[in-house]
Amino acid sequence: MNGRVVLEVPAKPEYLLLARLAVTSVGRSAGASEETIADLKLAVTEAVANAVKHAYPPDIPGRVTVELTASAGRLEIAVSDQGRGLADGDEPTASEVPAESGMGLSIIRAIADEIDVGAGPDGRGTRVRFACGF
Amino acid sequence: MPSDAQRALLVAYLENGDVRARDRLVEELMPLVRSLANRYAGRGEPTEDLVQVGAIGLVKAIDRFELEKGVELSTYAVPTIVGEIRRHFRDRTWGVHVPRRLKELSMRLSRTRDELSAELGRSPTVAELAEAVGVDEEEAIDALEASKAYAPRSLDQPYDDDEPARVPGLADEERGYAALERGSVVRQGLDALEERERRIVVLRFLRGMSQSEIAAEVGISQMHVSRLLRKSLETMRGRLEETEVTA
Amino acid sequence: MTDVVSISVPAAPGWTGVVELVLAGLGARLDLPYDRIDELQLATTAVLEDAVGPDVRVDASARADSVDIRVGPLGAAAADPARRRVLDALADRVAVEPGEEGDTWAVLTFARGGAR
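Chains as they are written, first to last, in numbering that gives the first Met the number 0: chain B, 0 to 133; chain X, 0 to 246; chain V, 0 to 115.
Don't take every hint at face value.
With the Cβ distance kept under 7 Å, some of the chain B side facing chain V (calculated, not the full set) [said to hold, decoys possible]:
(1) M0
(2) V5
(3) L6
(4) E7
(5) P12
(6) E13
(7) L17
(8) L20
(9) A21
(10) S24
(11) V51
(12) P56
(13) I59
If you want the footprint, here are the derived chain B segments under chain X, 3+ residues with CB under 8 Å [said to hold, decoys possible]:
(14) 31-42
(15) 101-114
Hints listed in this document are in silico derivations from the structure and should not be mistaken for laboratory results.
A quick note: this is a predicted structure, and the numbers were derived from the prediction, not measured.
Note that the Cβ used here is the ideal one computed from N, Cα and C, for glycine as well.
Start from the sequences and build out the full structure, keeping to the hints where you can.
Here is the structure:
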């Protein structure tokens, strides 16, 4: 079934569950294998966790948006926030344990068929978009 | 680029087969393995297992590393470590075909739900259900939702199929039902239902009993009450719409 | 502070499943007894049937004592008494109100009570 679902939640760790559930549901409707769904849940976990940890200062309540787009044989997910945006050095660096958000992106890169990272829809914040074909 | 010290170790291992050099490299990068394994903690697999599995991924990455490519070893190793951890989950979690696992879990949850209701005096929360059955909340929710599809009778295991004997209080329900005006829309909706469904709807909406109370009184599982209620509401809605059209 | 969870889906049958699953997740976070979650889902999917499309949005706000579920945009059918009867039975309060663009929105309120 083709279509787009947009989920918006507070940028708090307890709401990660809802993003994962959305992926499960849309993934199954789209006919993805359980393996692909598990991979996508993992990727969405990394992306949402990044936003929860880094996007907003501790006292500012922010939101995270997860868009899921299903089309024939493909599921695309975009996780965006309206926060501070990716700083330099968020990409993996020459250290034994890369910066948390950098590691998250490495993991998504390892899982998804495509990934792109940039500013959010109106130039603010961050948007991590990735897709899996199945 | 790998640091000079790391380079030396890599050369010693990759070009000269020095296994101790490889072991030193593994030791150096174990914090990375732990950091990755910890991300998948609490999903039903012991973290130490994940660390072991991740370490295998690290060794594989070191074996395959190419110095000339100019990438950082830690960066290079992340996908392989993660890949091993994912594979571990896959092998452990999907040994059994997923739909069957979900169905088995949903049956256990159904039983547990009724047991906990009796103990607590109310329907349990997802957290209480998940803890009682020993799965994480996400899996519990998935299985609870799966059981909502109208399963054909054959999938209702004996636990669900127990037809209760006539339950006292039926007279009250009949009275409640009869008290609705004959021509009323609600009565027409109820008329469309089979007897057992009607009873559930009357208990729920005219007597205001909760699903868990109804399950206890009628002697069927809460899951069954929920299914009957869903099905009834759909049927009633259909009948109410028909009525509107002809009115 | 009130936490709001929003989900927007195509206004077509077959997409209610994701709304139900997300509501179950929210219900779990709010420690609602499961039968309450079930009825919250039932009432919401009933309202979703009146969506006019192309998309429909569900906004769930959790307050200390209650959960408000706001659904729209809906067609005029949402205000119909026969429709309302089923919803009134499931939710503690049902309100149908106009939205900003001349459309209709339904707000279902569920008392929290129960576990916490």
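Each hint, compared with the structure:
The criterion of a C-beta within 7 Å of any C-beta in chain V is met by M0 of chain B, whose closest approach is roughly 6 Å, and the hint holds. A hinted interface residue such as V5 of chain B counts as satisfied when its beta carbon comes closer than 7 Å to some beta carbon of chain V; here the least separation is about 4 Å, so the hint holds. For L6 of chain B, the interface hint holds, since its Cβ comes within 7 Å of a Cβ in chain V; the closest pair sits about 5 Å apart. Among the interface hints, the one on E7 of chain B holds; its C-beta lies about 4 Å from the nearest C-beta in chain V, closer than the 7 Å criterion.
About 11 Å separates the beta-carbon of P12 of chain B from the nearest beta-carbon of chain V, more than 7 Å, and the hint is not met. For E13 of chain B, the interface hint holds, since its Cβ comes within 7 Å of a Cβ in chain V; the closest pair sits about 5 Å apart. Nearest Cβ of chain V to the Cβ of L17 of chain B: about 4 Å, under the 7 Å cut. The hint holds. Interface restraint check for L20 of chain B: the shortest CB-CB distance to chain V comes to about 5 Å, inside 7 Å, so the restraint holds.
Interface hint at A21 of chain B: satisfied, since its Cβ lies 6 Å from the closest Cβ of chain V, which is below the 7 Å cut-off. Taking 7 Å as the C-beta cut-off, the interface hint given for S24 of chain B holds, the closest approach to chain V being about 4 Å. Restraint check, V51 of chain B versus chain V: the minimum CB separation of about 13 Å is more than 7 Å; hint violated. Interface hint at P56 of chain B: violated, since its Cβ lies 16 Å from the closest Cβ of chain V, which is beyond the 7 Å cut-off.
For I59 of chain B, the interface hint is violated, since its Cβ never comes within 7 Å of a Cβ in chain V; the closest pair sits about 12 Å apart. With 5 residues carrying a beta carbon less than 8 Å from a beta carbon of chain X, the stretch 31-42 of chain B meets the three-residue requirement, and the given coverage holds. Coverage of the stretch 101-114 of chain B by chain X holds in this model, with 6 residues showing a Cβ closer than 8 Å to a Cβ of that chain against a need of three.
Of the hints listed earlier, those the structure fails to meet are numbers 5, 11, 12 and 13, in rising order.
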